[in-house]
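So the protein sequences, as listed, match chains A and B. With the numbering used here as the guide, the letters of the first sequence map in order to residues 6 to 387. With the numbering used here as the guide, the letters of the second sequence map in order to residues 6 to 387.
These are computed hints drawn from the structure, not numbers from a lab. Mixed in with the good hints there might be a few duds.
Same chains, same names: a pair is fine if it fits in one copy or spans any two.
[What the hints assert, rightly or not] Capping the alpha-carbon separation at 27 Å, the derived lysine-lysine pairs in DSS-like fashion look like this:
hint	residue 1	residue 2
1	353	366
2	103	227
3	40	103
4	366	90
5	103	126
6	40	366
7	320	341
8	207	231
9	126	366
10	327	231
11	346	366
12	341	69
13	110	231
Number of protein chains: 2
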Amino acid sequence: MAKRKSRTLEKAETAAVLSDSDRRTLQALHELAQKVVQSAAVGRSPYLDIPSRTLSNVRFNKTKRIIEMGSGTSRRELFNLSQAKAYMQTLLVASGAKRLIEQGKTTSLRGLYYMLKHTIKGTSEETFDDQSESDSMIEDVEVLLNALREELHLYAKTQGVMVGPITIIDNGDEIDCSRMGSGGYGIPSIVEPDRIQFRDCKAEFVLHVEKDTVWQRFNEDKFWLKHNCILTHGGGQPPRGVRRLLYRLHYELGLPIYCVLDNDPWGYYIYSVIKQGSINLAYESKRMAIPEVRFLGLRSSDFERCGLSPSVQIKLSEQDIKRAKQIANYPWFANKRAWQKEIELMLKNGFKLEVEALISKDISYVTEEYVPSRLAEGDFLD
Amino acid sequence: MAKRKSRTLEKAETAAVLSDSDRRTLQALHELAQKVVQSAAVGRSPYLDIPSRTLSNVRFNKTKRIIEMGSGTSRRELFNLSQAKAYMQTLLVASGAKRLIEQGKTTSLRGLYYMLKHTIKGTSEETFDDQSESDSMIEDVEVLLNALREELHLYAKTQGVMVGPITIIDNGDEIDCSRMGSGGYGIPSIVEPDRIQFRDCKAEFVLHVEKDTVWQRFNEDKFWLKHNCILTHGGGQPPRGVRRLLYRLHYELGLPIYCVLDNDPWGYYIYSVIKQGSINLAYESKRMAIPEVRFLGLRSSDFERCGLSPSVQIKLSEQDIKRAKQIANYPWFANKRAWQKEIELMLKNGFKLEVEALISKDISYVTEEYVPSRLAEGDFLD
């Protein structure tokens with residue numbers, strides 16, 4: 006009882022610090038609930054028209070140059086035996102998000118799963134059998150409300166870091182990213198404007214590298230200081246927080262974004278997701294994809310151009326070859342001659358190259374020669 | 006040529022900023038090379054006596070309570086057809102470490118592999134066929150010189166974060182870990198005293214949690230502020246930098262370390278490595294293992310004690326059961342009644358519990374009730 010009371014109190018307290026975005030999301034959640042009440046009032050079966058997250062409802066918008074969802078929706082009804090459970094799950098996730106926002110708290114996808122999982126009263130049925138069920142419902146609620154999951158107060162794994170001449174206000178703390186030593190500022194999962202603000206940005210561009218081990222080389226060589234840029238990595242495929250931060254740095258501060266990724270299908274794919282969005286989560290592209298991002302390297306021509314030793318070649322696997330051909334056929338690469346040549350040359354080479362391969366030239370070749378000359382020549386893929 | 010010159014210059018510059026640890030390591034590398042010269046001078050076959058990293062040479066030191074290496078060594082000779090390549094590789098890795106230290110630079114294991122990989126002149130033989138070969142030689146050089154790989158200027162992946170009332174000097178930058186917002190300070194891979202110093206520590210203990218998603222809950226609830234502690238995570242099995250930092254916080258600042266890990270064999274194993282060291286890398290225990298660390302939870306008894314719903318149980322797999330029995334037989338757990346009871350009860354329960362399962366009680370149950378009451382009662386496993 007005491008517990009319940011304290012939560013109510015907290016609710017009252019945190020209600021005062023709702024951000025504009027919180028208020029928008031709560032409003033959308035209220036409207037969702039209102040529709041159920043209205044249906045019930047007139048004796049109609051409550052339903053939800055959920056934008057379809059199927060592949061057939063995903064298209065590449067050539068004007069905006071991002072992957073986006075089409076207008077297809079599918080109806081989910083309460084009084085339909087095959088849809089009733091999914092209907093209940095959708096509203097359960099929505100109610101969980103409401104609780105989080107009102108409490109001013111955030112949690113992980115797994116956290117929400119545990120928060121909402123229980124045996125339905127009077128049955129032996131679980132609300133969710135495993136996390137994949139609640140994850141899928143979270144995506145439905147995102148498209149239903151046109152809200153990023155971060156706006157529903159849900160966070161993902163963090164695995165990116167940044168340094169550079171910019172000050173970040175993170176929940177009121179002022180963090181000077183030019184004084185972060187060898188560790189750097191851990192990029193949080195939720196970087197929405199109500200939590201993270203930018204101050205005193207002196208950087209002229211952002212250099213995003215694929216891996217933390219490469220980032221450490223750039224940081225140790227103080228690349229960001231010499232070239233006046235922000236230096237980030239995303240631990241491979243960058244998590245949502247990193248993509249959203251790059252998006253905000255680009256669109257709010259006008260910083261060009263350059264990516265240093267491996268010369269392999271995985272590097273191409275990472276670039277594709279940063280640039281055009283992801284096919285599976287097409288609805289988030291409009292707040293994450295950065296069509297103007299540029300691919301600085303590594304390139305298939307670098308083996309010859311940089312005079313690398315055959316020792317650093319890694320033979321393409323069957324899987325690599327298959328993936329490279331798929332990527333070459335992506336609509337956003339299909340019409341780009343430079344990308345077609347790039348992928349063709351990799352296939353012709355028969356090998357891939359990691360950024361670390363440049364260490365065979367010199368430990369700081371990548372920071373002192375490779376990237377500076379690519380930048381100076383404006384030599385990158387679009 | 007210009008390149009070569011600039012490197013020499015740099016060498017001269019950085020020679021001035023060698024740390025004491027760098028000097029010690031360089032001295033050991035010189036002695037290693039001297040022995041080769043001496044053997045050659047007297048016409049004897051050069052050899053190395055390398056402490057054996059085999060399982061049979063690993064033992065649990067009951068007094069020190071850490072896993073350590075025995076005194077077994079194995080000889081590696083140049084003029085022995087089956088050992089010549091390994092001999093060459095060992096010295097190659099040593100020369101690579103020397104180059105890194107003299108240049109004042111660091112690199113990843115993969116970076117060193119690329120740095121040293123080449124086709125041996127006049128043959129079609131590669132110095133290393135793949136990275137596992139150079140990794141293994143790095144471990145040999147570590148035991149040979151009694152130096153951590155960080156002292157050889159090699160870094161690992163980073164994946165831990167910290168916040169709390171302590172200021173860190175990281176390569177000259179002053180970082181106030183109590184003003185790190187939601188992101189936190191990314192714990193670097195190399196946290197040796199010549200790079201990272203502690204200032205103004207007001208914390209009374211360290212709370213180490215397993216996963217970043219749980220860490221985010223503790224940080225959002227400002228647990229570290231309310232309980233005056235340092236809050237860290239290691240992204241699962243903590244990487245070397247995190248373990249070494251915990252070690253330094255414990256032994257240099259006298260802070261007790263408490264771990265909040267899952268109630269499953271993986272959680273037990275993480276605890277075991279932090280506490281006693283890892284079996285595979287036994288030689289590093291003396292500078293990483295913290296026998297005084299304490300296991301705060303989750304516990305097998307928590308299902309009943311905390312009144313959790315059966316919905317949060319995760320059935321033990323065959324593999325879990327096998328691992329649990331192995332861990333119960335570790336010499337450092339075998340004689341501890343509390344640990345034997347803990348593991349027995351998990352096996353009897355037939356299920357495991359994640360820390361996130363506590364969210365089913367309340368989103369902040371873990372930070373507001375579970376951990377505070379365990380701390381207040383002094384209820385933990387040793």
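A quick look at each hint next to the structure:
no. : hint        : verdict
1   : 353 <-> 366 : within (23 Å within a copy, 58 Å between copies)
2   : 103 <-> 227 : between (44 Å within a copy, 22 Å between copies)
3   : 40 <-> 103  : within (16 Å within a copy, 70 Å between copies)
4   : 366 <-> 90  : between (60 Å within a copy, 23 Å between copies)
5   : 103 <-> 126 : within (22 Å within a copy, 68 Å between copies)
6   : 40 <-> 366  : neither (65 Å within a copy, 30 Å between copies)
7   : 320 <-> 341 : within (26 Å within a copy, 51 Å between copies)
8   : 207 <-> 231 : within (12 Å within a copy, 36 Å between copies)
9   : 126 <-> 366 : between (67 Å within a copy, 17 Å between copies)
10  : 327 <-> 231 : neither (40 Å within a copy, 54 Å between copies)
11  : 346 <-> 366 : within (25 Å within a copy, 57 Å between copies)
12  : 341 <-> 69  : within (16 Å within a copy, 64 Å between copies)
13  : 110 <-> 231 : between (40 Å within a copy, 17 Å between copies)
Hint violations for this structure: numbers 6, 10, all remaining hints satisfied.
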